[in-house]
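If you're matching them up, the sequences are chains S, A and C in order.
Counting in the working numbering, the first sequence runs from 1 upward without gaps.
Counting in the working numbering, the second sequence runs from 1 upward without gaps.
Counting in the working numbering, the third sequence runs from 1 upward without gaps.
Hints listed in this document are in silico derivations from the structure and should not be mistaken for laboratory results.
Note that the structure is predicted; figures quoted are calculated from it, not measured.
Where a beta carbon is used, it is the ideal one built from N, C-alpha and C, also for glycine.
Be a bit skeptical, because a hint or two may be false.
Just so you have them, the derived chain S footprint on chain A, three or more residues with Cβ under 8 Å [to be verified]: (1) 88-96; (2) 109-121; (3) 367-381.
Next come the chains, spelled out residue by residue.
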Amino acid sequence: MSGQASPQHAAAVARRLRTLSAGALVAAVAVFVLGADYALSQAAFVATYAIAGLGMIVIVGQCGQISLGQGALLGLGAYVEALLVVRGVPAPLAMAVAVAAGTAGGWLASLPARRLGGLYFAMSTLAFALIVEEALVRAEALTHGAAGLAVPTLVLAGFPVDASWSQALAAALALALAWIAARRCVASRLGRSWHAVREDEAAAAACGVDVARAKRAAFAFGGALSGLAGALYAHWIGFVSPEQFGLMLSFELLMLAFIGGARELAGALWGALVVVALPQAISVLTELLPAGTATPAGLESLLFGAVVVALILLRPGGLTASRTRGEDPDLTDTA
Amino acid sequence: MTPIRRFLAVLGLAIAGAGGTVAAAETPGVSRNEILVGSIQDLSGPIALLGAPVRDGMLLRFEDANAAGGVHGRKLRLVVEDSGYDPKKGVLAARKLIQRDKVFAFLADLGTPVVMATMPIVIEAGRPHLFPFSPHESTYSPVHPLKFQMFAPYQDYMEAATRNMVQTRGYKKTCLLYQDDDYGLEVMKGVEAGLAKLKQPLVEKTSYKRGATDLSSQVARLRAADCDFVVLATVVRETVAAVSEARKIGWNVDMLVTASGYSSQTHELGGKAVEGLYGVSVLPHPYEEGANRQLADWIKRYRERFGTAPNVWSAMGYSVADLFVKAADKAGPDLTVERFTAAMESLHTPRDFFGSPEYRFSREDHLGNRFGRIAQIQNGRWVILTDYLK
Amino acid sequence: MSALVLVQVLTSGIAVGCIYGLVALSFVLIYKATETVSFMQGDLLMAGAFAALALNQGAGWPLPLAMAGGVTALVLLGAALERTVLRRALGQSHLTALLLTFGLGLMLRGAISSVPAASHSMHRLPVGFAGETLQIGALVLAAEHLVVIGATVLLGAALTLFFRGTRAGLALRACSENAAAAELMGVSVARMHTFAWALGAGLAAVAGLLLAPVTFVHLNMGLIALKAFPAAVLGGMASLPGALAGGVFLGVVESLAGLMLPEGAKDVVPYVLLMAALLVFPDGLAAGWRRRR
Numbered sequence: 001m002s003g004q005a006s007p008q009h010a011a012a013v014a015r016r017l018r019t020l021s022a023g024a025l026v027a028a029v030a031v032f033v034l035g036a037d038y039a040l041s042q043a044a045f046v047a048t049y050a051i052a053g054l055g056m057i058v059i060v061g062q063c064g065q066i067s068l069g070q071g072a073l074l075g076l077g078a079y080v081e082a083l084l085v086v087r088g089v090p091a092p093l094a095m096a097v098a099v100a101a102g103t104a105g106g107w108l109a110s111l112p113a114r115r116l117g118g119l120y121f122a123m124s125t126l127a128f129a130l131i132v133e134e135a136l137v138r139a140e141a142l143t144h145g146a147a148g149l150a151v152p153t154l155v156l157a158g159f160p161v162d163a164s165w166s167q168a169l170a171a172a173l174a175l176a177l178a179w180i181a182a183r184r185c186v187a188s189r190l191g192r193s194w195h196a197v198r199e200d201e202a203a204a205a206a207c208g209v210d211v212a213r214a215k216r217a218a219f220a221f222g223g224a225l226s227g228l229a230g231a232l233y234a235h236w237i238g239f240v241s242p243e244q245f246g247l248m249l250s251f252e253l254l255m256l257a258f259i260g261g262a263r264e265l266a267g268a269l270w271g272a273l274v275v276v277a278l279p280q281a282i283s284v285l286t287e288l289l290p291a292g293t294a295t296p297a298g299l300e301s302l303l304f305g306a307v308v309v310a311l312i313l314l315r316p317g318g319l320t321a322s323r324t325r326g327e328d329p330d331l332t333d334t335a
Numbered sequence: 001m002t003p004i005r006r007f008l009a010v011l012g013l014a015i016a017g018a019g020g021t022v023a024a025a026e027t028p029g030v031s032r033n034e035i036l037v038g039s040i041q042d043l044s045g046p047i048a049l050l051g052a053p054v055r056d057g058m059l060l061r062f063e064d065a066n067a068a069g070g071v072h073g074r075k076l077r078l079v080v081e082d083s084g085y086d087p088k089k090g091v092l093a094a095r096k097l098i099q100r101d102k103v104f105a106f107l108a109d110l111g112t113p114v115v116m117a118t119m120p121i122v123i124e125a126g127r128p129h130l131f132p133f134s135p136h137e138s139t140y141s142p143v144h145p146l147k148f149q150m151f152a153p154y155q156d157y158m159e160a161a162t163r164n165m166v167q168t169r170g171y172k173k174t175c176l177l178y179q180d181d182d183y184g185l186e187v188m189k190g191v192e193a194g195l196a197k198l199k200q201p202l203v204e205k206t207s208y209k210r211g212a213t214d215l216s217s218q219v220a221r222l223r224a225a226d227c228d229f230v231v232l233a234t235v236v237r238e239t240v241a242a243v244s245e246a247r248k249i250g251w252n253v254d255m256l257v258t259a260s261g262y263s264s265q266t267h268e269l270g271g272k273a274v275e276g277l278y279g280v281s282v283l284p285h286p287y288e289e290g291a292n293r294q295l296a297d298w299i300k301r302y303r304e305r306f307g308t309a310p311n312v313w314s315a316m317g318y319s320v321a322d323l324f325v326k327a328a329d330k331a332g333p334d335l336t337v338e339r340f341t342a343a344m345e346s347l348h349t350p351r352d353f354f355g356s357p358e359y360r361f362s363r364e365d366h367l368g369n370r371f372g373r374i375a376q377i378q379n380g381r382w383v384i385l386t387d388y389l390k
Numbered sequence: 001m002s003a004l005v006l007v008q009v010l011t012s013g014i015a016v017g018c019i020y021g022l023v024a025l026s027f028v029l030i031y032k033a034t035e036t037v038s039f040m041q042g043d044l045l046m047a048g049a050f051a052a053l054a055l056n057q058g059a060g061w062p063l064p065l066a067m068a069g070g071v072t073a074l075v076l077l078g079a080a081l082e083r084t085v086l087r088r089a090l091g092q093s094h095l096t097a098l099l100l101t102f103g104l105g106l107m108l109r110g111a112i113s114s115v116p117a118a119s120h121s122m123h124r125l126p127v128g129f130a131g132e133t134l135q136i137g138a139l140v141l142a143a144e145h146l147v148v149i150g151a152t153v154l155l156g157a158a159l160t161l162f163f164r165g166t167r168a169g170l171a172l173r174a175c176s177e178n179a180a181a182a183e184l185m186g187v188s189v190a191r192m193h194t195f196a197w198a199l200g201a202g203l204a205a206v207a208g209l210l211l212a213p214v215t216f217v218h219l220n221m222g223l224i225a226l227k228a229f230p231a232a233v234l235g236g237m238a239s240l241p242g243a244l245a246g247g248v249f250l251g252v253v254e255s256l257a258g259l260m261l262p263e264g265a266k267d268v269v270p271y272v273l274l275m276a277a278l279l280v281f282p283d284g285l286a287a288g289w290r291r292r293r
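Given these sequences and hints, build the entire structure.
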């Protein structure tokens, strides 16, 4: 992106401004319609999901792989955080370990990539996630199994982060850090190797890119961000249990990256907004139905599914892809 | 850079707003002519089969109260949020109900992860947290001024039920089949405690995952241990599967299922195979046949209102809302959280037309009932065998 | 462990495996013909069972007719979805189809749970053999398991005849092997895509009907489709008989693991197997993969 001709640069700036003003508008509407506390609580979750989403975008959008098991990596982060904080380890230190655990998990999940490609590799990540979930259930002595674990409030520098505004702020700060890290990685040599792998694995290998290593790095990086997001998530929820980190969460993250637009880092924020806030918006909207009617139980998931389908069909490149570019050639080929 | 500045302004505003919402002169959710009550249900997730009837039962009780003129002239309104068993959605729903809808109290929130994630937020906001559908002990103990529970904990009534069955029927080898989640673990604690009092071990235990298709290997395992009494910590479908599997291989062992398997669905689906199955009932199933007049009328109204027959979960929803109505009535016309919880702490309700237990709350004990009754499937319906086991 | 118990547990393992296999078959069929990874087979399975139930209990059709009607409804639904929505994901990345079918599955589930009778309770298809047993000496087998196995064998034979002996079957096969060549030979590839989805949805519905006497009809019955992925991979992803065999293998291993391995192992076995199959035979599988492209 950097060092390009100025008209393009101006267009990029204009686009960024548009994005920012749209974001401000969304925030303003949210605060006025929903109330500050509710909106900020949403913001905390949006930012936390966006952190994991950045990791997903690196894997899906930059390196061109499909991960069906990212939820389990969040689970690793969440459990490490919960177990350490309960034992009195300061939260920032615990978070560092959670990030390390996520990284290790991502690396482990990527090992089959040495031998597998495409859909087969995606399936192996699914198997990995389900095995991790089962392990969390079975390691009862440590994790309390399916009964779950209560997680204490996040305390940063002696300040308890329990109000929705402080949670939103902490999540936003973590997101900013994750964003800087992701930008650096994508702009680096490693990022270029990811792009090469995404465009054409065989060609990349022929040009001397270590394909397996690039995938490993992408998964380790994605795992690190998932670990961080999981640690924050554990504090926001205050209770972790294995089933929270199952297939549904993995799919939410995959949807997040795809709907937001996996080519741009900003896609993480837009995708998180859709995945976290859309169900809330739908539930607020269904209240407009005549009072007293017992709204059908499945109405909200029906509408959510419909929006997801519509977004995939209408914006196949994601929300951040500019309309003029239309169908992105790299995402549309059958790889 | 106007957009950025605008964004920052909004953010600042939002933060200022969050700090400023603490002081409120009047009781939230209570206006001159309305009381607003919130509930976080699972209408689309793995236990939606519970969530939908519970919600409908509560709605019916509130509508009945409103038809009778409301509580001290105030109409009751229930705001239901669907969490889909996802604690993240639960947290957001709780914040919405607290801040946007300003509900007076939370009623019958469903699902342990959701309850565990939302309860601290509800308590922090100073709203009563009433009768959640979660077996977790922290919903009533240690005593907290805002937490109340009316559902007998699995651990307590399964301890009594196991003890009663083993004592009266002289079993020597008790085994357990359980769902490997918080529910199953609570039951296991109860069964083990009951057996320990009788100085018997739990001979064999085996688990399955929620949604498991086939229980034949689990049943074979239990049979190999030569159990003479099997406790089932299962839900309806797995109850039927486990009992039918045992009967199919000619194993006529006595089995006892928790209140989660005490449902008319158990014998509707299981048919002949589940005849003779024991179960624990904390609230009788509302059978149409042989119902007293009040119950028959209730079933008719439920069916007209929601287009389907009520089940035991509908009755529980109705009971939950009934207890709320009684406490709110007792709290007097000037409703505040303090008056409401004081009314709750002295509430003692008699058995009602469902055949419910007595619910008794006190300052020291916020758990309304600890007891269940043993029932058995006879001729295709549950028949209550004992009184509430103390 | 007596041989008797072993046979009984094995039979239910094979029966459940047949259902895994049928779902895997529908998944592979769609995948081969249209390159679409479908994450909605479980929801189609549930929809099929509910459709038959609604026709039987709601509309009062006799059971065999209602079952045929349920399968037909799903065949039409599959074709309609392909024509309107899924067609637009053709030629796009795997991820597009994956999420598209996931979204469609959510919609289907939401639509069905909007019916009060579906969200309030589980249901039973009133088949005559439910709960009956077959006794051979000391050996007791459940009728519903034997019906599942028998129906799967029949269906497998019918599908074999169809793919070997009929024009439509040959065309579909040609289309999955090499779409461009098939097009040149005068096969309408677009029509074959619709056909594949119709058949795939119909097969899922059949699996749902077979599952109904075993686990009843309820909103979560589609969860079983999660086991179809390991089954499909074990069978090599590109082979229809392989998918069926993979499913049966999985069912058998699962039930044996439940009987013999330590507590809890049963639940991870399918995924450990999936991982192992992917890692130990990547050349075999990958070779098949490359040939197909």
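Are there three or more residues in the region 367-381 of chain A whose C-beta lies closer than 8 Å to some C-beta of chain S? With 0 residues close enough to chain S, the hint is violated.
Chain S over the region 88-96 of chain A, status - at least 3 residues with CB closer than 8 Å: holds (count 7)
For the region 109-121 of chain A, does the count of residues with a C-beta closer than 8 Å to a C-beta of chain S reach 3? The restraint on the region 109-121 of chain A holds, since 5 of its residues have a Cβ under 8 Å from chain S and three suffice.
In this structure, only the earlier hint numbered 3 is contradicted, and the remaining ones agree with it.
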